[in-house]
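Q: Here is what each chain is made of, one letter per residue.
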Amino acid sequence: MKINNVILKTVTKVVIYIILTLAVYLFLAGHNSPGGGFIGGLVLSTAFVLLFIVYDIETIQKALPFDFKKVAALGAFLAVGTGFGSFVFDVPFLTQAFGYFNLPFFGEVELTTVTIFELGVALVVVGVVVTIILSISEDV
Amino acid sequence: MNNILVLPMALPVLAGIILIFFRKHIKIQRGISLGVMLINIGISIYLLNRIQEEGILRLDFGGWEPPFGILFVADSFSIILVLTTSIVAAICLLYAFSSIGKAHENMFFYSFVSFLIAGVNGSFLTGDLFNLYVNFEVMLLASYVLVALGGKKVQLRESIKYVVINVLSSWFFLIAIAYLYGSIGTLNMAHISERIAESGQTPLLTGISMVFLTVFALKSGLLLYYWLPGSYSTPPTAVAALFGALLTKVGIYAIIRVFTLFFYHEPEFTHTIIGILAGITLIGGSIGAVAFKDIRQIVSYNVVIGVGFILVGLAVGTQAALEGSIYYLMHDMIVKALLFLLAGTMIKVAGSANMDEMSGLIRNYPLFGWIFFIVMISLSGIPPLSGFIGKVLIGQGAVETGSYLLLALAFISSIVVLYSLLRIFLNCFWGETMISFEDEIPMKKGWIIPCVLLAIATIALGLGAEALAPYVSDAANTLINPDVYIDAVLYDK
Amino acid sequence: METLITILAGVLVTVATYLLLSKSVIRVILGTAILSHAAHLMIMTMGGLKEGEVPLIGKDHGPYVDALPQALILTSIVIGFAVTALSLVLAYRTYQETGTDTLDELRGNKHE
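Chains as they are written, first to last, in the working numbering: chain A, 0 to 139; chain C, 1463 to 1955; chain H, 11 to 122.
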């Protein structure tokens, strides 16, 4: 069934960038303020879900050729893997390290290993949400 | 640095994740998942010996000292259970290799088994009450998927009931944690124990302890076991064996931990209630075990009887009885896994789950029949098999404290167990053989070897009870004296 | 404030109980979701409401509220999310397979 919904499609083309920006903002804000991997990931996945609803699944899957189960697994691997870093440096499991770096353009920024963990969480959330939505919607 | 403490949980998680990438490479999946279980056996033996020398070990996640951070605590009790879990899981995986089927293996079966084991091990090791909840959920989420995997009509139907009942009990768990946090203000298990000891166990706290008891009773099948036979008899054999051996035991572990570490000040009330529940569970399980002709139902009700028996030891609460409970926990994990594997194999070779439609199996499969015989006498507690030592010690404790009613119920239930299994043995193994030698489904090596291994384990546990005694008595000692646990966690002694 | 939130949690539990006792699977799942939110409100109330500032570094000075309940709630929301999602998929698959979402018809019969 194809519905030609011009208004929705046009609005989506604009809104999708706003959602994606918000997701990245929330993700990066999460270190000391509200936000973080889970919330960022959820917002990110709403962007994907919006795409799946407005356009049909086949089109979007051609544009985003990921196996979302593997995205989730990759995220989980990142998150758990950061924990295993502690074995290399001989500190308690899941200890975070952070430092202040002078990057060009950004100025001084605080970089932490937690961000890698959070990235993993975000990927897990995106992967799981999209997998669930797809598995329910596929055969209607 | 005790980073090794996290491995029994972190390794299966990592393995489960890696396996997702190897969806089509079944050999790699099998190798990795089995390898992780074997490594876990090694780690837990190493930890068990280290605990005897250095006392209770702990690992503070991220370097956050207790009571502020989350931590893993390894005392003899938890490590003994981790060890038994790893052994049972490894053997159940061996059985799954030749029985579970390609469809399951392609649908991330080994990943979910790994996650299940991670949740079980995490629950045993954690030293933080909320972390216990999280680990329970990891285990339960994996088990929801494993019950439903395969997607047969019956499975899906039972899985919905299983999910709903467990979501409800998890909700009670959250509420109990909220109440406890509101009145005590901490979630670190040692810290909770210390604060309860300081403030005294007020009626409010005793009330909260009853909410905890409700939660864990639902999870372990203590009195609230009505959901258990249905959900344990529908999944494939290897999964049913894992469930029967492990899931209820996590609930039992939580009951024992909570009522020896936190709420041990009012045993006249709390432990009496546990005793009454255990007694009713024994009666109900016994009735169920003799009432059915479907061998899966009989086996499931045997799990219920085991739960009641172990908690009789807690209700009695002496050192001897707790040692008995620990022995019996190990025994029950091994033997229930074996029992489920045997029942599943019988159904597979006979093509029916009804006792009346099987007979003379021992003529076709002699070794198989004799293993069933071993299980039967092991479960009923005949020396030198593993059930004996646990029953003797629990009985000894019950006599010391004069709980003769519980003693009578516990030992009568052993006779019922013997009767229910003897009924299967007489009906299914003796008599005229009904499978002609042409139609006989050959017994695969992959089916019989895990059963033989578990049978060896039950004999070894029975004969080697003496060698295990120092570990078990250390575990029971920590349970009797919560100060040992508190000192090790909070004061680095 | 605590009283109000406790009453609200009670209302949620009432609604959830009503839904849990209904016969449609989808209502039961919605019931479990609402039930978990009642528990979250409960945890928040137990940590004390409106007793200090938002627990964020560099925002305010002065006593902060207890941040632990919020961490617990976030964890529990994530878990609740996973469980609800899984049970929705499960309910959908069951509906596909059995053609019914009424619990009465899912009871099953003795001979199968």
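Warning: the hint list may mix true and false statements.
What the hints assert, rightly or not - Below are the DSS-like pairs computed for lysine-lysine, each with C-alpha atoms no more than 25 angstroms apart in a straight line:
#1 A:K69 with C:K1564
#2 H:K33 with C:K1623
#3 A:K69 with C:K1623
I should point out that these hints are in silico values taken from the structure, not numbers from a laboratory.
Q: Does each hint fit the structure? Answer for all of them.
A: Hint check:
no. : hint               : result
1   : A:K69 with C:K1564 : holds, 20 angstroms
2   : H:K33 with C:K1623 : holds, 12 angstroms
3   : A:K69 with C:K1623 : violated, 30 angstroms
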